[in-house]
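If you read the sequences in order, they're chains A and B.
Numbering of the first sequence is given in full-length UniProt numbering, commencing with residue 1 and proceeding in unit increments.
Numbering of the second sequence is given in full-length UniProt numbering, commencing with residue 1 and proceeding in unit increments.
No lab work stands behind these hints, which were simulated from the structure alone.
Take the hints with a grain of salt, since some may be wrong.
Each pair may be met inside one copy or between any two copies, as identical chains are not told apart.
[As the list claims (entries may be wrong)] In the DSS-like style, the derived pairs of lysine-lysine whose C-alpha atoms are separated by at most 30 Å in a straight line are:
#1 Lys182 <-> Lys646
#2 Lys596 <-> Lys621
#3 Lys508 <-> Lys549
#4 Lys360 <-> Lys606
#5 Lys480 <-> Lys341
There are 2 protein chains.
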Amino acid sequence: MKKIIIILLLIQGSNQFIQAQDALSNKYDLMPWPKEITEYSSQFLIDENLTVSINSEKSERVQKGAIRFLRRLANRTGVFLNEGFPVYNEKGSINLIYDTISKLDLRTDESYLLEISASKIDITAKSDIGILRGLETLLQLTQHNTRNYYFPSVSINDAPRFVWRGLMIDVSRHFQPIAVIKRNLEAMASVKINVFHWHLTDDQGFRIESKVYPKLQELASDGLYYTQNQIKDVVAFADNLGIRVIPEIDVPGHASAILTAYPELGSKENYNYSIERFAGVFHPTLNPSKEITYTFLENLFTEITPLFPDQYFHIGGDENEGKHWDQNQEIAKFKDKHKLKNNHELQTYFNIRLEKILKKLGKKLMGWDEILTPNMPTTAVIHSWRGENEGVANGGSLIEAAKKGYQTVLSNGYYIDRMLSVEHHYSVDPIGDIKLNKEELSKVLGGEATMWSELVTPQTIDSRIWPRTAAIAERFWSTKDVKDVDNMRKRLSKISYQLEELGLTHIKNRDVILRSISHNQNINSIQDLAKICEPLKIYARNKDGIEYKTFSSFNLFADACSADAEDAIVFNRKVSNFLKVQNRTNTAHVLSYLKKWANNYTKFAKLDKNPKLNSLEELSKNLSIACNVLQNSIENTAVSKSDLLKLQNAIATLKLPVADTEVVIVNALENLANYCKTNYKN
Amino acid sequence: MKKIIIILLLIQGSNQFIQAQDALSNKYDLMPWPKEITEYSSQFLIDENLTVSINSEKSERVQKGAIRFLRRLANRTGVFLNEGFPVYNEKGSINLIYDTISKLDLRTDESYLLEISASKIDITAKSDIGILRGLETLLQLTQHNTRNYYFPSVSINDAPRFVWRGLMIDVSRHFQPIAVIKRNLEAMASVKINVFHWHLTDDQGFRIESKVYPKLQELASDGLYYTQNQIKDVVAFADNLGIRVIPEIDVPGHASAILTAYPELGSKENYNYSIERFAGVFHPTLNPSKEITYTFLENLFTEITPLFPDQYFHIGGDENEGKHWDQNQEIAKFKDKHKLKNNHELQTYFNIRLEKILKKLGKKLMGWDEILTPNMPTTAVIHSWRGENEGVANGGSLIEAAKKGYQTVLSNGYYIDRMLSVEHHYSVDPIGDIKLNKEELSKVLGGEATMWSELVTPQTIDSRIWPRTAAIAERFWSTKDVKDVDNMRKRLSKISYQLEELGLTHIKNRDVILRSISHNQNINSIQDLAKICEPLKIYARNKDGIEYKTFSSFNLFADACSADAEDAIVFNRKVSNFLKVQNRTNTAHVLSYLKKWANNYTKFAKLDKNPKLNSLEELSKNLSIACNVLQNSIENTAVSKSDLLKLQNAIATLKLPVADTEVVIVNALENLANYCKTNYKN
């Protein structure tokens with residue numbers, strides 16, 4: 001049966017095949033979308049007799065993965081399974097078959113074949129990691145009617161486009177407890193992300209215990225750091241999910257924390273190093289002219305690298321502006337002696353020393369794209385991050401690195417802390433239309449979403465990572481032609497709530513913050529505001545990096561808001577439809593939102609006010625004024641001059657930032673206002 | 001000023017004093033209510049200049065406590081503090097002064113004096129623990145007007161009634177990850193609970209790593225256990241919060257997990273011991289006639305006790321029905337040889353051997369009240385738990401133990417897993433009206449709420465512990481005469497949402513479950529149902545202990561419901577007011593609820609159904625029918641015979657359990673129905 005359909009599809013040509021895939025992507029909410037999916041007509045019923053049988057050599061990953069699968073399936077369906085644990089080498093309902101237990105590295109085979117018939121389900125894979133990927137796909141396939149849950153009968157043949165599909169979490173600017181890391185690892189695995197890049201040190205804190213240099217955590221972490229046992233626990237947890245862990249110790253810049261503990265390694269004499277409380281780029285930098293710097297790093301890396309079995313080790317290397325280097329006579333002399341023309345060459349010298357240390361320890365050096373300098377050995381991995389914001393071409397260093405023979409990973413375009421839309425990130429392709437030869441292509445390992453944490457806390461981090469990172473994960477896994485934004489959004493909304501099932505807090509913590517802001521009053525009116533406001537983008541929220549300190553409150557209205565404000569996305573589309581065609585449906589859609597918001601201030605005004613709520617007063621009031629006028633105008637196809645003035649004034653106010661957010665329906669409101677002005681009698 | 005007021009109050013007599021306290025307890029939402037509070041007329045403004053100064057020897061507890069205080073205050077108020085860390089020996093806004101850094105034991109002085117004036121705040125205490133208690137009180141005092149947050153100027157002189165104020169968490173029936181334990185420890189500290197009793201082993205799992213007997217975690221935990229490092233981390237975390245940790249290794253019964261790992265210690269030969277998946281009382285029991293049993297326990301205790309610095313060690317000792325003992329010839333011979341007349345005497349023999357082992361290890365044995373047998377040495381601590389449910393007088397063993405010279409702790413009446421109302425638990429006083437002499441009184445150490453975990457998971461446990469345990473904490477801390485239920489409920493509702501601020505999930509996870517049940521549809525109609533339903537009480541939800549397995553789903557409607565259903569509490573009171581006086585206000589209150597519920601089925605019917613939602617169909621439908629009839633009847637002061645019949649049928653259905661819950665407004669609806677029948681024309 002299956003073969004026939006595939007052959008048919010092949011005969012009918014690839015265009016037909018793509019259309020078939022499109023139809024299925026409207027039907028099934030898989031993310032990332034698989035390479036090939038073929039549909040049959042039957043269903044596999046999920047009932048209490050469902051069992052999982054492992055039919056290969058025992059793998060801790062598959063054993064634990066199967067248990068997680070069973071628990072999640074039971075929770076989603078409410079079916080009371082008789083058997084809560086996998087069995088071995090029996091005829092199960094779900095049979096897992098794999099050839100090898102894989103080491104986690106760039107060669108790991110993650111492909112799998114998932115075949116669902118009415119009577120059984122087989123997942124076959126070359127490696128146990130492929131089985132994990134297949135189980136996630138199977139869970140996403142769960143369907144129901146009014147009486148039963150079932151899996152649709154499909155055959156899925158899947159494999160990733162890129163081998164490096166990562167998420168970086170910065171735990172320095174705001175420390176993230178183990179529980180945060182673990183739940184995010186589970187979320188990552190659910191969308192087939194396979195690299196966790198752990199940004200462990202920065203100016204704001206050194207977050208990993210050193211027994212050799214204990215002052216690092218004692219003086220430079222505020223007590224917020226991971227013990228080595230906790231690190232091992234997380235690495236093992238990630239390994240069981242098929243996720244590699246890449247640690248980053250950021251040097252020689254971003255070193256305020258290290259130098260707080262060991263000032264003798266600093267480039268500036270008699271400088272009062274201290275843990276940084278603000279955000280930004282700071283001057284404290286390790287001194288590359290002192291031998292003790294290399295001794296320190298060698299000892300530290302020797303201590304830390306065994307905790308991380310992965311071959312890659314990230315040394316940062318970014319944003320060193322060299323100011324303290326320029327102010328140091330010894331460093332000037334050192335440059336002369338070693339014929340280093342400028343700070344770039346000095347940093348290359350430093351990087352090459354580190355590369356040798358790491359090589360001795362069996363590790364490959366990875367660094368942000370500033371390390372891409374003429375003399376850098378091609379064994380280094382270039383992590384491309386700079387773009388327009390930094391005055392260079394977006395993702396340019398990725399292609400440059402690949403062409404020069406470096407392995408490379410893209411993060412430019414995936415800076416999720418900038419609070420841009422999912423559409424924006426989804427539209428960035430690591431390679432795009434650039435032609436690369438096979439050798440060059442093989443150097444582009446993939447990409448990483450980066451969660452810098454200046455503005456996120458354990459309470460809000462999930463809402464900054466998810467659900468957008470699921471769409472980025474699809475960009476890294478699925479073929480390049482999977483790029484329909486509307487279809488992605490449809491699937492993403494389902495994936496988002498399934499991430500909540502998994503324990504992520506991105507949905508539920510919005511109301512927690514709103515309850516706290518209102519001191520537990522009825523939050524209905526401020527929920528509606530949060531659904532049309534987004535936190536200020538790029539880095540506008542934290543002006544010059546000094547508006548917020550690391551210990552400031554991030555339990556504010558802006559923290560309850562997120563990118564892709566849910567009502568705004570729908571409303572903006574409805575308005576655009578209405579402006580094209582003013583039929584009854586389009587008009588009704590727009591009016592229903594306008595009515596809700598016209599009423600906002602009536603509800604908001606009833607709240608017992610406090611200093612935090614006060615900042616929303618003007619927003620609520622002007623929103624209601626604007627929507628009230630628009631509603632009346634559309635209903636009466638008329639708008640008075642005085643109403644127009646009121647409307648324009650209200651919109652002008654709504655254009656201003658409010659409580660560190662922007663009102664992202666304001667353009668749609670303005671377009672409606674213009675329409676009213678032009679088309680209705682004034 | 002202060003002195004004058006106190007003197008005035010004293011002159012005016014204690015009755016006057018109590019009235020003053022009552023007035024203040026309407027004004028301030030403190031819990032537990034303090035011993036003495038005096039109010040002045042000024043306020044301390046909370047602004048960015050607020051600092052905390054520690055003016056005594058450095059205590060890690062106070063240092064960390066002050067940081068937690070500053071973070072929580074910033075999050076609650078949104079005030080951007082300039083200084084995020086405590087300073088030392090400066091004139092701070094808030095000054096912490098204590099005499100000693102305390103060891104945590106029964107002699108720890110937890111008293112404190114909190115004095116707030118317009119210009120500064122002093123917390124003085126004998127010990128650093130007293131400072132922690134005072135900081136929690138101060139946080140609970142946070143007030144606001146529209147423009148500012150402030151602390152009211154009061155003086156509070158506070159100390160606990162009982163030295164042992166505990167919460168037990170069973171992590172065997174359902175394992176609870178470290179993050180769950182830590183957030184609950186923080187919640188405990190916020191209401192001044194000072195004992196965490198950690199029920200680490202039971203038939204369903206052995207949850208602590210043993211290096212001496214590694215099969216315990218390897219074969220008897222499903223991989224869900226705490227490493228010794230994690231245990232140490234939790235104990236240190238608790239110590240910083242001023243909370244003692246009492247481990248429990250439950251023996252000789254409740255031993256299925258231990259015997260799964262080491263069957264040779266069992267009382268029954270050739271028995272296939274395995275981890276228990278159901279709930280209940282099971283037969284697997286350690287063999288007290290074998291010397292290897294004592295060797296095992298001595299080795300295990302020797303390994304485990306150093307992880308827990310507290311002097312008390314809980315050995316369980318409950319619910320051994322002796323069935324396997326009776327079936328064992330060797331044990332029968334052993335009893336004969338040692339002249340042990342029955343299994344009680346055999347268990348006492350066993351307990352006395354354990355008492356000696358523990359004594360050698362510097363520990364005091366504590367056990368459930370079954371250990372209170374004639375020969376038990378009075379060095380043992382009796383944990384009173386049995387009551388009516390077990391066919392004995394409620395709390396009787398507590399008084400018996402105290403009179404016989406045993407230290408004793410009460411849990412009967414505080415079984416929060418039974419899902420009874422907060423009013424029920426709040427009304428249980430450990431001593432009540434029983435007269436005890438000073439010596440006997442000193443033996444009653446206090447009480448413990450017990451969170452048995454047959455029916456709770458990490459997702460739901462907070463909603464089973466909180467907020468009810470805050471009221472129990474007040475019972476243990478405050479004087480006996482603090483017992484007004486309405487006032488407690490008022491304060492508790494504020495404390496409950498402050499627990500959410502602290503990271504507890506008892507409020508937010510309700511909607512998570514409802515979103516999951518509905519697969520992310522509009523949950524409005526099922527939220528309304530969850531606010532009038534409570535999980536079946538006592539142990540009716542898990543009939544005979546076999547309805548649910550440990551790995552069954554607890555992501556169901558009943559898990560979204562909790563004790564003290566919020567709408568039901570209000571509605572039942574409104575109905576009772578209406579039945580007394582049918583004035584406009586009382587009528588309007590009742591009608592507003594009836595209207596909402598009359599409409600429930602219209603909303604519910606719109607949902608795309610699935611097997612989980614189906615179980616709520618009859619509930620929604622009959623609720624709407626009943627409320628519709630009642631609404632019309634009250635509005636028209638008339639009810640037809642046919643409507644009465646419809647109403648009575650609907651109420652009859654609502655009386656039945658639905659999806660493992662009971663509809664707790666059903667009596668109020670019935671009372672309204674009877675009122676309509678009697679007073680309106682039919």
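Here's how the hints hold up against the structure:
1. Lys182 <-> Lys646: Neither: 51 Å inside a chain and 53 Å across chains, both beyond 30 Å.
2. Lys596 <-> Lys621: both (13 Å within a copy, 28 Å between copies)
3. Lys508 <-> Lys549: Both ways: Lys508 and Lys549 sit 25 Å apart in one copy and 28 Å across, limit 30 Å.
4. Lys360 <-> Lys606: neither (68 Å within a copy, 66 Å between copies)
5. Lys480 <-> Lys341: neither (43 Å within a copy, 80 Å between copies)
The structure is inconsistent with the numbered hints 1, 4 and 5, although it conforms to all the rest.
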